[in-house]
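Model the full assembly from the supplied sequences, consistent with the hints where possible.
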Amino acid sequence: MSEKSKTSANFSSIPVIALLGLLSLPLVVMYAYLILDTVTNSEPGSLVPNQFTLEHWKFLWETRSGKSSIWLVTLNTFIFTCCITGVILLVSSMAGYVLSRLNVPARGFFLAGVMVLHAFPSVTLIISIFIVLQYIGLYNSLIGVILVKAAIDMPLGIWLMKGFYDTVPWEIEMAGIVDGASRFTVWRRLVLPQIKPAIMALGLFSFLTGWSEFILPQVLAPGSQVQVLSVYLASLIADDNNFDFATFKAVGVFYVIPVLILYVFFQKYLMNIYGGGTKG
Amino acid sequence: MRILLDKFSKSFGTTSVIEDMNLEVGSGEMLALLGPSGCGKSTTLFAICGIHRPTSGRILFGDKDVTNLPSQERNVGVVFQSYALYPHMTVEENIGFPLTVRRVTAAEIKKQVAAIAALVHIDNLLDRKPSQLSGGQQQRVALARALIRRPDVLLLDEPLANLDAKLRLEMRSEIRRLQKETGITAILVTHDQVEAMSMCDRIAIMKSGEIVQIATPSQMYQDPRTAFVAGFLGNPPISFLKGKAAQGAFVSTDGKLQMTLPALSGIADGTVLTLGIRPEHFGTAGDIPVEGRIAFAETQGRENLYDVLLPDGSVLRSIQPVRDDVKLGDQVRWGIDSRSAFVFAENGQRL
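Heads up: the protein sequence lines correspond to chains A and B, in order.
Sequence positions in the first sequence follow my numbering and run 1 to 280.
Sequence positions in the second sequence follow my numbering and run 1 to 351.
All the given hints hold, so there is nothing to weed out.
Below are the DSS-like pairs computed for lysine-lysine, each with C-alpha atoms no more than 25 Å apart in a straight line:
no. : chain 1 : residue 1 : chain 2 : residue 2
1   : A       : Lys196    : A       : Lys268
2   : A       : Lys196    : B       : Lys129
3   : B       : Lys166    : B       : Lys180
4   : B       : Lys242    : B       : Lys256
5   : B       : Lys207    : B       : Lys7
6   : A       : Lys268    : B       : Lys129
Part of the chain A face toward chain B, derived, beta carbon under 7 Å:
no. : residue
7   : Glu171
8   : Ile172
9   : Met174
10  : Ala175
11  : Val178
12  : Asp179
13  : Gly180
14  : Ala181
15  : Thr185
16  : Leu190
Don't read these hints as lab results, they were simulated from the structure.
We treat Cβ as the ideally placed atom computed from N, Cα and C, and that holds for glycine.
Below, the structure written as structure tokens:
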């Protein structure tokens, strides 16, 4: 992979850029207004803002009656997302290794099973999951929804990790074994560092999907104490009595900021999900 | 330490790779397992270091039966063909890894790493990562890592295959020097007969899972047991002529070449034979004259190599001190040294 693609001497890139710019212009305008509208007021029917205001961001320091505090919700979201990421990373990095390298009984069955689970539309399970959680007392709790979300995302993680483990040369493991290390030490000290980019990528990926998850928390943890940002956002729009479109937009911007930060700093690692392997 | 393979067999599923192999390597000896690819030499090596479990038979280090011991409990050092250095660790961490997993104190590791690095001449590279090293340096790191915990056996799996020609020459003598200095028992797996002959005390030559012959390099060169061994050792390789036995002599297929050989007394007339002649035994000095046309000539600086096409279509190779008077296509009459010729029966056994 080259770091920067060189500009070709034979073809000018200007027409392409112009075309792409034109096509993505509506998106840019929408994003611009999304941010602009959160800090301004404009006359009804006008597109030009006439007044700067911070009243739409009031939700940051004022809790509205009947709503939970934005900071509690944000904390919930962080706990939810980080736990999911942790569980997925821990389980898939181990399970992927086992499926890739160890001679376990019914390995083929597990591989096929993981594949099927990955392809399975998880929404169809939601009623039975609801009943199960209610039955074991984890309904309306963060733990319950964390477990469910992590379990649903796990097959992709396992499959991805297995693919990365497959690229680690056998000789490294043989050398480790001969050097006297146990199989677990070999995995942790020798093999895991080889797939660090994949771990980073899967971690980010899980974080992003966890952050944007809506259906599962909405159904399984709707209570105000365990609300996450996506559910909070939806409750704003569902509230017909104090309908406030600008606040909705402001919360949306607030919600998307961590994602943007992650993308800015880690997009290099996210690209790694497509091309990995060992580098010296 | 002495290593003994006793009726060692290994099969993968239904494919049997090695059956009932017996092999003894003396203490402090360096033995080469030489053979074409797929002959089971690497399988043997991996069985000795414990990566493969033998299907049957025993493996002994000294008097200790290690057949069922896992790799971690056998004290073996292995240098892999690809070196298998750990890419995320520095040279120092790589070499020290076998000690780290044994929970040796950090100060002790540092001391031992410094000592072994000095022995293999890489003490100035300890802070680098493997990717910042040349092939020869990586090779030395792999050697140091294999040697640091004073293994009972050093196993080398084609250690020179990835080096360029000049480095290969250098590392050949370097590995031999280290093996002699440490007095360690070593087994070298290779398909290169030059490596095997130049580095090892004895050579075990393998073919499809069996040891065909085991002897010192010079014995094996001068006294090959089968046509396969004769054909494998020597560069440029030996050339073979087809023929039959007639009254204690070898007669070529077209009858033009007759050679009385002591080995053929008592062999029935008409027995199908193969005559093996090394390039250095065919030239201006030999006692049995042969006529042919030069089909190929190559100069190697000090010597010239010629392929002589005989009238019946077979080819004899000759290596001679450099001379300018013979050119491609010339008709020559050179001699075979009949005392140095080998004669083999149809099944490849030497007579």
